[in-house]
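As given, the protein sequences belong to chains A and B, one line each in that order.
Quick note on the numbering used here: the first sequence kicks off at 1 and runs consecutively.
Quick note on the numbering used here: the second sequence kicks off at 1 and runs consecutively.
If you're looking for bench data, these hints aren't it; they were derived computationally from the structure.
Please note that a few of the clues may not be correct.
Here are a few chain B residues that sit away from chain A, every Cβ distance over 12 Å (derived from the structure) [to be verified]:
id, residue
1, 13
2, 22
3, 23
4, 68
5, 69
6, 100
7, 153
8, 161
9, 168
10, 172
11, 186
12, 210
Simulated DEER-style distance windows between Cβ atoms [claimed, not checked]:
id, chain 1, residue 1, chain 2, residue 2, range
13, B, 202, A, 147, 17 to 25 Å
14, A, 369, B, 202, 36 to 44 Å
15, A, 412, B, 5, 36 to 44 Å
16, B, 168, A, 275, 27 to 35 Å
17, A, 308, B, 5, 45 to 53 Å
18, B, 25, A, 150, 36 to 44 Å
19, A, 275, B, 197, 28 to 36 Å
20, A, 412, B, 202, 41 to 49 Å
We put the CB at the ideal spot given by N, CA and C, even for glycine.
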Amino acid sequence: MRIAISYPPIENELGQKAMVSQNRNVQFFKKPTYLLPVIHAQAATALVENGHDVRWDDGNAQLKSFDQWFQDLVDWAPDVVVFESTTPVMKFYWRLCDKLKSCLPKSTIVMTGYHSMRQPEETIRNSAVDVVLRSSNIDFVLPRLVRFIEKNLFWRMSCDIEGLTISLGDGEVRSTGNFIQVEPLDDTPLVDRNLIQWKNYAYENGNFLQTPGTYATSVIRDCMFGKCTFCRYNGPDLSFSMMSVQRSLDEYERLIKGYGVREIFDDSGVWYRGKEAREFARGIIERGLHKSDCYFGFNTRFEYLDEDTIKLLGEANFRFVLLGFEAADDETLTRLNKGYQMEHVERCLTWLTKYGLHPHLTIMVGYYWQTQEQLDLTVETVRKLMFRGLARTLQVTICTPLDYTPYHQECTDKGVLLTDDYDDHDMSKVIVKTPIPHDEYYKAIRKIYGISVHPRFLLRQLRFLLTFRRREWQFLFVYGRRALRRVRQHVYNLTQAREQLG
Amino acid sequence: MKSYKVLSNRQIGEATFVLRVERPSDTIKAGQCFSVGTRQLGINREYSMYSSSYEPYLEFLIRRVPDGLVSSTLSELRQGDEVEVGGPYGDFCLDSHSIGATHFVFIASGTGVAPFHSFVRTFPELSYHLYYGVRYESDLVDVGDYTSSSITLCVSRASSSPERVTHRLEKESLNPDGVYYLCGNRQMITDVVSLLRRRGIPGGRIYMETFF
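Given only the sequences and the hints, what does the whole structure look like? Please build it.
As structure tokens, then:
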């Protein structure tokens, strides 16, 4: 069968492009960053291995205009088209599916993603979508579905693969029951780098300290903690699974020796910890990959990595470590199920910087309960951490209730959600009732970003740079320029963009 | 995370222990888990509650993992020592409306029995059957707390009749109307879910908590 896994280029009225970002939610940026959709890439690889003709069709990364992307897809006339939904562009996808169906009436349109999987009937009702996958394990479910469609003319009525909502026409749907996610990650293929044209994703990505970089096939599916209330990777339909250390090491070796990558980032919600983290770091060292001028990075949580493990990661050439620093006050941390303590945050950051790692903080503001005092504490704490050199870079986002997360449910139950328009969920504005004016949160974001251009911080960074080997200045300059661009874009989104869009 | 006093530390076998600590004042549901660590370590791990939801203390059933910093440190704690506890988290819980009307099948490996012990202690009227798998007989914990007709023990490295929990389930006729709860290591969970699917148990009646 001919199968297209497609990401249309989506532009808003300001000419900003929709980019999949934190928690696989969409944000609009003028200058895009291209994040590889790893699970869909694994699904594409699995389909190729099953003998299908697969088109990896990322219109953004392939720098196409919408019209060009659409025409190319129609000309290719796939049997199956697969999209990934996310809340702020859901309405766009519904219109797109209708338009595509009118051009390709025989094609089966499959919708995946964290929005539609929680409200499948809505998508079927509002668009010409044929099937909604209610699983984040696209790489396991999609090949099964395609095989079934290929062999069964009346698949809509007879398909018994769990976790599907199938359109029967005229708004009628058929559900195949809840999908239970427990799949051994060692059974899904590693990403075929040539298929997905890896170089399209190798340069414009803020998580890369040097390029070309790439995302590893994630070692953890969803999250091993999985209980943070604001996060997509939380819910009874999600259950974490883990890939073996040796298999991941094999992929790193292949990426470095076969593709010449200089940075590998694993975007698992939370990467290995404890003995797996140590085994991985030792494996990198034993294979000599730590001397290959390639940096490694990952996401983790505070209070997950001890000093000995961090030391080993440093020796193995790990650098970029992304940590969620959602707030500095106990009430917020408790309500979000984060549960870390400032004492341990400082200790963890001290260990990371001591062994040469590069902590990047992801900060959030705008919770529906967040008072001025709590907000100020977060700003002040970030300032202290940055000025003391305990964090190297940061990003700040507005906490947007991602649909059907516990935080979203809580906002709905308490009647604090100010909009039910999906377009408003693009993380560009506060969309909940708050105890202080929304402008205070935007001011706080500007203050936090202001820290990264404060002379005191820049001096600290300069001292840090002096500890590096000379040839690494170039990448730090390039990285610094990209980081500043990201700051400018976030600040633009919170000021001019909001004013222009009204 | 807050500090609480250790009330006792009961050693079971060579590597397993039950750590009893002061109970946080929060409302706790049987089956939930907590982050547990010590101030000195600066790191923590999640453990399911072993005690019932109404007891005046919290208990955790913990296996000391070789090369595992947190479990080794916790194993050495004694009465009066301090431990940091955060939570409760999670929704690996029983629907209170279905108790009495539903037959539950619990499948555990090792210390994955903890939430089931919590269920059974919390809801004495529970209709259940527990399949409890361990490596050695010495790893079995508090077997007397379960109704003898409601428990099947599987010891994979027993001197006589060794049996894995998954192999035992292959031979059993499983209740098609039961609600299945699984807790334990990844391999056991994967194997059992696959088995349940083959036996026609729908995904909506399978709940799991995977250890990592």
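Quick rundown of the hints versus the structure:
no. : hint                       : verdict
1   : 13                         : holds (21 Å)
2   : 22                         : holds (17 Å)
3   : 23                         : holds (17 Å)
4   : 68                         : violated (6 Å)
5   : 69                         : violated (5 Å)
6   : 100                        : holds (22 Å)
7   : 153                        : holds (24 Å)
8   : 161                        : holds (28 Å)
9   : 168                        : holds (19 Å)
10  : 172                        : holds (20 Å)
11  : 186                        : violated (6 Å)
12  : 210                        : violated (6 Å)
13  : B:202 to A:147: 17 to 25 Å : holds (21 Å)
14  : A:369 to B:202: 36 to 44 Å : holds (39 Å)
15  : A:412 to B:5: 36 to 44 Å   : holds (39 Å)
16  : B:168 to A:275: 27 to 35 Å : holds (29 Å)
17  : A:308 to B:5: 45 to 53 Å   : violated (28 Å)
18  : B:25 to A:150: 36 to 44 Å  : violated (58 Å)
19  : A:275 to B:197: 28 to 36 Å : holds (30 Å)
20  : A:412 to B:202: 41 to 49 Å : violated (28 Å)
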